[in-house]
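Quick mapping for you: the protein sequence lines, in order, are chains V and H. Each residue of the first sequence is one higher than the last, beginning at 533 in my numbering. Each residue of the second sequence is one higher than the last, beginning at 94 in my numbering.
Hints may contain errors.
What the hints assert, rightly or not - Sample of chain H residues facing chain V (criterion: CB under 7 Å; computed from the structure):
1. 170
2. 173
3. 174
4. 181
5. 311
6. 317
7. 333
8. 335
Stated by the list, open to error - Residues of chain V clear of chain H, computed beta-carbon distances all greater than 10 Å:
9. 607
10. 656
11. 662
12. 814
What the hints assert, rightly or not - Covered, in the sense of this in silico footprint (three residues per stretch, anywhere, with C-beta under 8 Å from a C-beta of chain H), are these stretches of chain V:
13. 769 to 779
14. 783 to 793
No wet-lab data here; the hints were simulated from the structure. Everything numeric in this text was worked out from a predicted model, so none of it was measured. Cβ coordinates follow ideal geometry from the N, Cα and C atoms, glycine included.
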Amino acid sequence: MYIYLPIAEISINIFVILGLGGMVGLLSGIFGVGGGFLMTPLLIFLGVPAAVAVGTEANQIVAASVSGVIAHWRRGNVDIKMGLILLAGGLVGSTIGVSIFAALRELGQIDLAIKLSFIVFLGIIGTLMLFESMRTILRSRRPNAKRRRLHQHTWLHGLPFKTRFRKSKLYISALLPFMVGAFVGVLSAIMGVGGGFIMVPAMIYLLGMPTSVVVGTSLFQIIFVTANVTFLQSVQTQTVDVVLAGLLLIGGVIGAQFGTRIGALLRGEQLRGLLALIVLAVCLKLVTDVVITPEDFFSLEILR
Amino acid sequence: MIRALIARLVAVVMGLCFAGSLSHQAMATSVLVADLNEKEVQISTDFNGASLLLFGTIDREISDDVVIIVEGPARDIAIRLKSRVGGIWINTESATLTNIPSFYQISSTRPLNVITSSKSLEELQLGLNHVPFTLAEDSAISEGILEDWQAALIRNMEKSNLWNQNSDVSIRKGVLFRSNISLPANVLPGNYQVRILHFRSGELIAETNSVIVVRKSGLSADIFEFAHKYSPAYGIFAILFAVFMGWGAARVFRR
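In isolation and in its complexed conformation, chain H is listed as follows (with noise of 0.2 Å):
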């Protein structure tokens, strides 16, 4: 597997003055070249996660950074805060955020702040914190507390593992690198966008993009549908089933 790899890496550091298709926005200063292990991921009846390993090479110098971002597909978010009434915790206020990627992963070679100024951070939308934080209209909240209902939305999406932020991406000889793409069990169907970065000396010098794809395969794709399209055929096929097996057992108990 991993004789394969390099097999498949020196192949492509190999094929790199041909490789201008993949690299859309390379400028002249950088030949920016990526890809990824696997582009689809099956949701099927064994699903627990997937992890992907995205490589690619790029012409180094000392002060060479790579970022790599993964946003997987946009969702309206509900997000609840929790006061004392009466002696019990209830959710007392509520927003809805709009267009938040439901699954973000950013991964660079050292911390962003280190990378590049805030400045250019912001700019590019770069970090958990610079994910827009976009309130639905019927949604008010007074701006002193803005902050601390951002950072439950990072803090909470972190915990369920669907976003992250770290540092792992590795080079190796000045020229290849890689990194993981993990994606928990609770990923929802959709595209994932995949953008590598190439930062030199703080500035983005060239931009490299792929997709991943993941959707639903075989019997948990054929019921979900099936309850969606067909919902009250389904709903008699669930109690059909429900009495089935409960008088099958009954039978099988029975002396």
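This is chain V alone, in the form it adopts within the complex (with noise of 0.2 Å):
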């Protein structure tokens, strides 16, 4: 059963929708990130415009945030004050980023880009992060291994503005989390991503959130985030799709169910490992993409 998507102008299968809208909710249920990194690549795969998947996309994780969010909220695991703070921070990256986003595309050079960053960052984070959890996976297989400190003090330590967080257990300068969150805002408008993959660790890495309240705080700041991205993306492009975010959500919300179900059940070392490889075997298509000798060297794009 095919249906027209009235902004992507282009027919797709009503179930390859549905399938993969479940599938990365799952994940996204699971992890805690927004699933953007999977699902904007793959609509891009099944024929959709570049710039649609992107706006629809920002469109489709506020539902599953949403979803996602309710159950990490009625255990506790929200940092209110730490996720207002990389609010703060993400509003003004994504509004930047989507003028970037809009320069790129002038250019012809966003399908690059956006490629590029997710090589980028996907193999960074996913490296780091299969070698952490590897590490602590080894450890905790010998008890008497000396314990690491609950986190290094370095130069950011100094920062002015010290605020305490109590959820998180930390006393850290609130420009810390304003900078992460405005780093996350304009990726995630680039990308078309919620940006919980590089959210995710470098709130454990470099704020020092303990792992228990780092996805429901992730989720609850990537709401407000991809809300504004969705707004800009509707009044300067156009971009938004509600019939495709639509289905994207129904199979994405009930996946994240499961999903978040899934994730209690698996320790936190566990889960971070199982990410990493995602993670990297997400980017490894990604370099060969951009390695391999295309098929075609040209390629068209029938401007409106």
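Since each chain sits alone in its own frame, please combine them into the complex, following the hints.
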């Protein structure tokens, strides 16, 4: 059964969209990432124009994150104060990001820019997470091994505006989460992702937050950042397809509900190890995309 | 359906002498009449391409041919060339083509180069390789490789099923011809000009025209209009819709 998507202006099998949404939603629920880093490339692969994939994905992540955050909220796994500061940065960053996106599109380099950004960030984060989780898993098998300190103190802890985050058991500069939020916000707009796959590791390793509150807090702020991107893309580029988003999120929210429960059963380091492997697989696929000699050296874009 | 079609064809043949208004440039030597089974295509929510039937009559002699051209709304097209820079493939050159038909199907009874001379194919702009290839003013491609770019345009448009050249027009009993026009799911809305040409011994002796109107309709047309005319409201609607869906799903799954 095919459905014509009004903004993407193409026709796609409805079950392919629902299935894609469900699969990515499951991962999103398990790991607390928006799933955009998988969904955006897959949508482009299905023939959805890149700009529409990015705009629509932002809209879909709003729903998936609302659905996901409620489960974490009930368990008290959301650090609201931290979330609001990340969000303030995120709103600034994503607004800048939408403008950069428009400029790159003008230059005809948006596809490459999207792919290269994915390769760099997925590669670095995937590798770091994989090593870290393997080390943790190995150490937990040797119970006598020395415990690591909660987090290292560096120059970052000398920044002003020190704030106490009770839920995260942290006393750090508010500038730190603001900058993390802004940086992820820029990438979120350019890459059509919620940014959870960067936000989650940044919260764990850079801010030193406990893993238990990371996922809920990340989802909490992603809701608002992606809502901002949805609005800006609607106004500036008219690339948000609500029909496509609606179908993706019907599959997505169902998948996310199951994912959240599966995630609660796994241990933190296992969760991170698994996510690292998925991140690296996507990265590898993208590397081959830009390195392998293309079938056709030419490509077309019908301008409207 | 087929019986109805035959009945309609017979009616067309019977009414030949009254059909002068349909063939605009009919010359004394030819009576060319053609019609479509549908003249309007609606892009609604379940749209997945459309197939139309074009049929008509000619007073055929042995050396006669029919050529049918369907041309969709013109658009500008950006065409980009990748080359390898430091191990990765990057768009290094680009050009903008203006007024390129977003859809172009040319069907004929026999291959075009058999029907008439290459000179007249060029003059009449028949065939994918004769679609006017106009560069925008700010695009510069060196003369020598212009043909590569044109070939790339044709190849890529064919790959997306937007351009097509075939010899599928069939003629029955010497007078009735028919041909399929297949519009893929990615066609743009607009007016599709249909030209039917009658060749005799390589000479164009008659031409008639028709138009297919492709328009968005129903919910998908409403959403498109909402998104483009009231963008801020649409953005807010999209967000509220997503929040509601996410919240609803979480409620449904609460145990």
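So, going through the hints one by one against the coordinates:
no.: 1; hint: 170; verdict: 6 Å, holds
no.: 2; hint: 173; verdict: 5 Å, holds
no.: 3; hint: 174; verdict: 6 Å, holds
no.: 4; hint: 181; verdict: 5 Å, holds
no.: 5; hint: 311; verdict: 9 Å, violated
no.: 6; hint: 317; verdict: 5 Å, holds
no.: 7; hint: 333; verdict: 9 Å, violated
no.: 8; hint: 335; verdict: 4 Å, holds
no.: 9; hint: 607; verdict: 13 Å, holds
no.: 10; hint: 656; verdict: 17 Å, holds
no.: 11; hint: 662; verdict: 24 Å, holds
no.: 12; hint: 814; verdict: 17 Å, holds
no.: 13; hint: 769 to 779; verdict: holds (count 6)
no.: 14; hint: 783 to 793; verdict: holds (count 4)
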